[in-house]
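> Chain by chain, the residues:
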Amino acid sequence: MADTSSQLLDIGSDDPEALTDRFATRGWGDGLPLVAPTPERVEAMLAGSNRDPDEVVATLPPRSGVATRRIIAINGVLAGCRPEHLEVLVAAVKALARPEVNLRGVNATTHPVAPLLIVHGEVARTAGYNSGLGAFGPGNLANAATGRALRLMLLHVAGAVPGAGDASTQGGPAKYAYCVAENLLRSPWGGYAASVGVDAPSAVTVHCGEAPHNFHDMESDQPAAILDKAASVMASLGSNNAPVSGAEFFVMLCPEHAATCAAAGWTRTHVASYLHERARMRTGDLRDAFALRAWAPWQETFGDDAGMPITEHPDNVRIVVVGGPGKHSSVIPSWGMTRSATVPVEP
Amino acid sequence: MKIYAPDGAVGPSAASLAPPPPVLAGKRIGILDNSKPNAGLLLGRMAERLAARTGASVEVVERKNAALPAPDDVLARLAEAEVVLTGSAD
Amino acid sequence: MATTAFEALASEVAATLGLPSTRIVAVEHPLGGTDEAGVIDRADRAVEPALLLLTGSA
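Chains as they are written, first to last, in this note's numbering: chain A, 1 to 347; chain B, 1 to 90; chain C, 1 to 58.
Because the hints were derived from the structure by calculation, they are not lab data.
Just so it is clear, CB atoms sit at the ideal spot from N, CA and C, and this is done for glycine as well.
Just to be clear, a hint being listed does not mean it is correct.
To be verified - Here are the computed distance ranges between Cβ atoms for each label pair: (1) C:53 with A:33: 42 to 48 angstroms; (2) A:289 with C:29: 19 to 25 angstroms; (3) A:194 with B:48: 37 to 43 angstroms; (4) A:128 with C:49: 53 to 59 angstroms; (5) C:32 with A:172: 17 to 23 angstroms; (6) B:20 with A:27: 28 to 34 angstroms; (7) C:44 with B:21: 21 to 27 angstroms; (8) C:32 with A:220: 37 to 43 angstroms; (9) B:48 with C:21: 24 to 30 angstroms.
Next comes chain A alone, as it looks inside the complex (with noise of 0.2 angstroms):
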């Protein structure tokens, strides 16, 4: 068995420049400025919980890096995370590791993927984090750095440091942080969680995928004409979604749209079927795009042109209420072989 004790090192000055660059001697950080993880701090985030801290929560490819409580704490140290943010980067550890996600694809493409993590339920709001105005950023602690802690945890425990662990060709932003927490009192339909069947007081949701592509309607009271300008942004050659059609989409709609669509008596499932039936292109102009395709069987029935669902299934469309006043919403396509994952944080 791996010893999963952590390891002390003696950077000599408390000199935060000292820390960053001795970091960076050894291929750790990701380029800003980062807190100490000293004893004191990483007791001092541990101490909420009478866990074991060196409980093993995953196993992280392509390194196999062993992700202990302990581990995680320290890297929700270095982000600037405080101890109501651990049980949080606990939970993503955990969704992460799932086999769906595939994180060591992931990790590995080529592709400028970042999961993206949404914190759902009672600890976004006791934790402090953001689901209002500006909830992608910038500005608020407890999303930049969970964000940021994950990120760290993917470039420390799984390894995937550009051009070693992780190739993709033009990285991302993204790739610093990528968290936000679900507009719960401003979603007409509850919570995302409970309506993928994890009923918790609060859980975390990972989707692999893109930076949110931002759609505006400042204009339609009726939900089909907003939802058509999603559609025609999920409807694209260049995402990973059209050679791949089993990925999934996260519609990440902001209060005001989503008020639109509720007041029209649409579901969350009504919002997600119209935008599978709507988010379509060309068949011929999809075969022609891309010769390799990961499609149902049924989909190579179409005739040239015929109108392909750019996703299979309305299921793999995702309605997330997040953000603040106005009238922008964003869709996040996926990378492609990868699912989702929703798992309860533990109290």
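Given chain A, work out where chains B and C should sit, using these hints.
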């Protein structure tokens, strides 16, 4: 100042590399095409040239999605070969 | 097989999988978008290095 290292232990590895055969004559070559553009052509041509050069034969040709591990049945068929050529990345 | 641009990555990944001595042959990058003649040329040039790795002699 003392700090904790952030990387954690490495889990046990289950794999070990098979030793190379001293000669390839009479051996079976397998191909695992990772479905990236031109991978099939490159691997196929290499396998064919290796076989012609050494007296080995190309016996198993399998394909997988580059983003996923190879399925067990594909690996089982490839295990019939002594040498497998496969591709990594784009 | 890896192209030259991804040879180091392939080595790193092999090492993290516990197989640091994985036999890797590199061909000129890129492969995608290269015409058939170019791919065949790369394959033919890779035979000797592959033989050396596979059997210890070419």
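> So, for every hint listed, does it hold in this structure?
Tested hints:
no., hint, in the structure
1, C:53 with A:33: 42 to 48 angstroms, "44 angstroms, holds"
2, A:289 with C:29: 19 to 25 angstroms, "23 angstroms, holds"
3, A:194 with B:48: 37 to 43 angstroms, "57 angstroms, violated"
4, A:128 with C:49: 53 to 59 angstroms, "57 angstroms, holds"
5, C:32 with A:172: 17 to 23 angstroms, "21 angstroms, holds"
6, B:20 with A:27: 28 to 34 angstroms, "31 angstroms, holds"
7, C:44 with B:21: 21 to 27 angstroms, "22 angstroms, holds"
8, C:32 with A:220: 37 to 43 angstroms, "42 angstroms, holds"
9, B:48 with C:21: 24 to 30 angstroms, "26 angstroms, holds"
Checked against the numbered hints above, the structure breaks only hint 3 and satisfies the rest.
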